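Asks: Use the sequences and the hints to build the structure in full.
The lines below spell out each chain.
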Amino acid sequence: MKILVAEDDKITLKLLETRLRKWGNDVIACADGLEAWERLQEPEAPALVILDWMMPGMPGVNICRKIREMNRRPYVYVILLTAKNRKEDILEGLEAGADDYIVKPFDPSELKVRVRAGARIVKLQEDLMAALDVADYRASHDGLTGLWNRVAILDIGSKELERTQREGRPMTLVMADLDHFKRINDRYGHPAGDEVLREVSRRLASSVRIYDSVGRVGGEEFVMVLPGCDREEGVTIAERLRASISGTPVVTPEGPIPVTMSFGVTEFQGRNVTDVATLFKKADEALYKAKSKGRNRVEVCRSDISPMLGLLMENRSEHCDASEHCGLAPLQSQRLAGVDAVRPI
Amino acid sequence: MTDVIDKVEILDRVDGDLELLLELIDLFRDDSSRLISELRTAVSREDAALIEQNAHALKGSVGNFGAAMAYSAAAKLEAIGGTGDLSEAAGAFGVLETEIERVQNALASYAVEISNENTRS
Numbered sequence: 001m002k003i004l005v006a007e008d009d010k011i012t013l014k015l016l017e018t019r020l021r022k023w024g025n026d027v028i029a030c031a032d033g034l035e036a037w038e039r040l041q042e043p044e045a046p047a048l049v050i051l052d053w054m055m056p057g058m059p060g061v062n063i064c065r066k067i068r069e070m071n072r073r074p075y076v077y078v079i080l081l082t083a084k085n086r087k088e089d090i091l092e093g094l095e096a097g098a099d100d101y102i103v104k105p106f107d108p109s110e111l112k113v114r115v116r117a118g119a120r121i122v123k124l125q126e127d128l129m130a131a132l133d134v135a136d137y138r139a140s141h142d143g144l145t146g147l148w149n150r151v152a153i154l155d156i157g158s159k160e161l162e163r164t165q166r167e168g169r170p171m172t173l174v175m176a177d178l179d180h181f182k183r184i185n186d187r188y189g190h191p192a193g194d195e196v197l198r199e200v201s202r203r204l205a206s207s208v209r210i211y212d213s214v215g216r217v218g219g220e221e222f223v224m225v226l227p228g229c230d231r232e233e234g235v236t237i238a239e240r241l242r243a244s245i246s247g248t249p250v251v252t253p254e255g256p257i258p259v260t261m262s263f264g265v266t267e268f269q270g271r272n273v274t275d276v277a278t279l280f281k282k283a284d285e286a287l288y289k290a291k292s293k294g295r296n297r298v299e300v301c302r303s304d305i306s307p308m309l310g311l312l313m314e315n316r317s318e319h320c321d322a323s324e325h326c327g328l329a330p331l332q333s334q335r336l337a338g339v340d341a342v343r344p345i
Numbered sequence: 001m002t003d004v005i006d007k008v009e010i011l012d013r014v015d016g017d018l019e020l021l022l023e024l025i026d027l028f029r030d031d032s033s034r035l036i037s038e039l040r041t042a043v044s045r046e047d048a049a050l051i052e053q054n055a056h057a058l059k060g061s062v063g064n065f066g067a068a069m070a071y072s073a074a075a076k077l078e079a080i081g082g083t084g085d086l087s088e089a090a091g092a093f094g095v096l097e098t099e100i101e102r103v104q105n106a107l108a109s110y111a112v113e114i115s116n117e118n119t120r121s
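If you read the sequences in order, they're chains H and F.
Heads up: the first sequence at position 156 corresponds to 156 in the numbering used here, and the numbers run straight through without jumps.
Heads up: the second sequence at position 48 corresponds to 48 in the numbering used here, and the numbers run straight through without jumps.
Quick caveat, the hints were computed from the structure, so don't treat them as lab data.
Check each hint, because a few of them may be wrong.
To be verified - Within a straight-line C-alpha distance of at most 30 Å, the following computed DSSO-like cross-link-like pairs (lysine-lysine) qualify:
#1 K293(H) / K182(H)
#2 K7(F) / K10(H)
#3 K87(H) / K76(F)
#4 K76(F) / K10(H)
#5 K7(F) / K87(H)
#6 K112(H) / K7(F)
Stated by the list, open to error - Not close to chain H: a few residues of chain F, all C-beta gaps over 12 Å, as computed:
#7 I36
#8 R40
#9 R45
#10 S87
#11 G94
#12 E101
#13 R102
#14 Y110
#15 V112
#16 N116
#17 E117
Just so it is clear, the structure is predicted and the values come from calculations on it, not from any experiment.
In this text, a Cβ means the ideal position worked out from N, Cα and C, and glycines have one as well.
Replies: Pasting the structure below:
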């Protein structure tokens with residue numbers, strides 16, 4: 001156990017240090033309160049602390065209060081060292097957040113059991129925190145792919161929407177769905193299907209920007225939250241994702257499986273949506289459009305068409321009936337050339 | 001008359017580790033001399049807080065050697081510093097200084113005793 005000991009009396013410090021080391025502890029010895037407080041703020045600081053009550057620089061009781069204000073995880077177990085016959089000190093110390101106290105000159109066998117009791121609490125706390133971390137991770141992540149799960153990505157989308165709205169920045173939501181995934185499962189089996197989902201997830205996660213979030217919201221359905229991104233940038237990113245999926249077949253034990261993905265893009269513009277659910281719905285509509293227009297493509301929600309994109313689409317409308325995708329086609333081919341060079345794998 | 005230091009208690013505290021004990025005696029000699037000289041200055045300057053702090057530190061130190069007389073002398077001076085009424089500070093300091101010297105001497109002879117035993121064995 002890593003233990004920090006702060007004591008200004010050199011004899012007592014030496015005795016404590018020697019004893020604690022003999023019992024197999026890793027001891028950080030501090031000669032005054034200020035040094036102790038500095039060491040306690042370092043990362044990986046000990047969770048078991050023995051503090052002298054009266055020390056120059058900073059008395060143990062003050063350090064104790066500061067530790068409690070820090071609210072550190074895992075819990076810091078504090079043992080105060082106090083002189084004999086100072087009941088009021090003991091009461092004040094426990095009030096300040098100390099867990100236990102030892103009276104000086106200390107009795108070695110008493111020190112041993114009190115430190116052991118402290119170590120037990122610290123260990124329990126650490127185990128509890130680790131279990132909570134695992135539970136937190138499980139509650140927010142998809143077990144198969146390690147991406148955010150539906151609840152988490154909705155929450156992230158909602159928070160990002162609130163933030164970008166406040167900051168007056170745009171935000172784009174991309175919804176994506178693997179094309180004909182059922183056929184992959186039927187033909188190659190579920191283990192191969194799972195491998196496809198895992199690999200597709202890896203490609204999505206590595207193709208977005210560092211501040212974007214990717215979640216799996218259904219069997220083969222994914223959502224990307226792109227804060228600070230307007231529609232045009234969103235389409236560029238979605239195109240990059242599309243190319244990264246269709247560019248290379250997924251290698252599975254059943255052999256390489258070519259896969260494609262359809263994408264729906266929608267942007268929050270500060271007035272067109274009020275909540276993230278609406279944004280999801282609009283992205284879903286765009287995705288549906290991409291599916292109905294032949295899959296392996298990116299579509300923008302119709303109500304999101306900007307004047308610039310709208311113009312492009314109008315120019316192309318004689319060729320295909322009012323399809324946004326036609327308008328986007330030249331954009332896509334331009335961008336794809338550059339995208340291929342950075343494709344992962 | 002009570003012994004100046006309690007050897008049984010000392011040995012128990014160091015868990016029979018004589019090397020550690022010699023180190024502590026060394027530490028004590030230097031540290032107690034420093035604290036005594038700081039106390040002398042604090043008493044002459046009538047600095048109550050500094051008296052309390054240094055007397056407290058000395059009390060903690062001698063407590064480890066079972067030096068009961070020195071311990072109570074230090075506790076008394078610490079209490080004087082705590083109240084702020086320094087009328088008896090000089091007298092209490094005189095008593096403490098004598099007691100600390102006695103502890104230092106007792107520990108010095110104890111150190112010689114230990115060293116001799118070590119060479120014999």
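Asks: Among the hints numbered above, which are violated by the structure, and what are their numbers in rising order?
Replies: Per hint list: zero violations.
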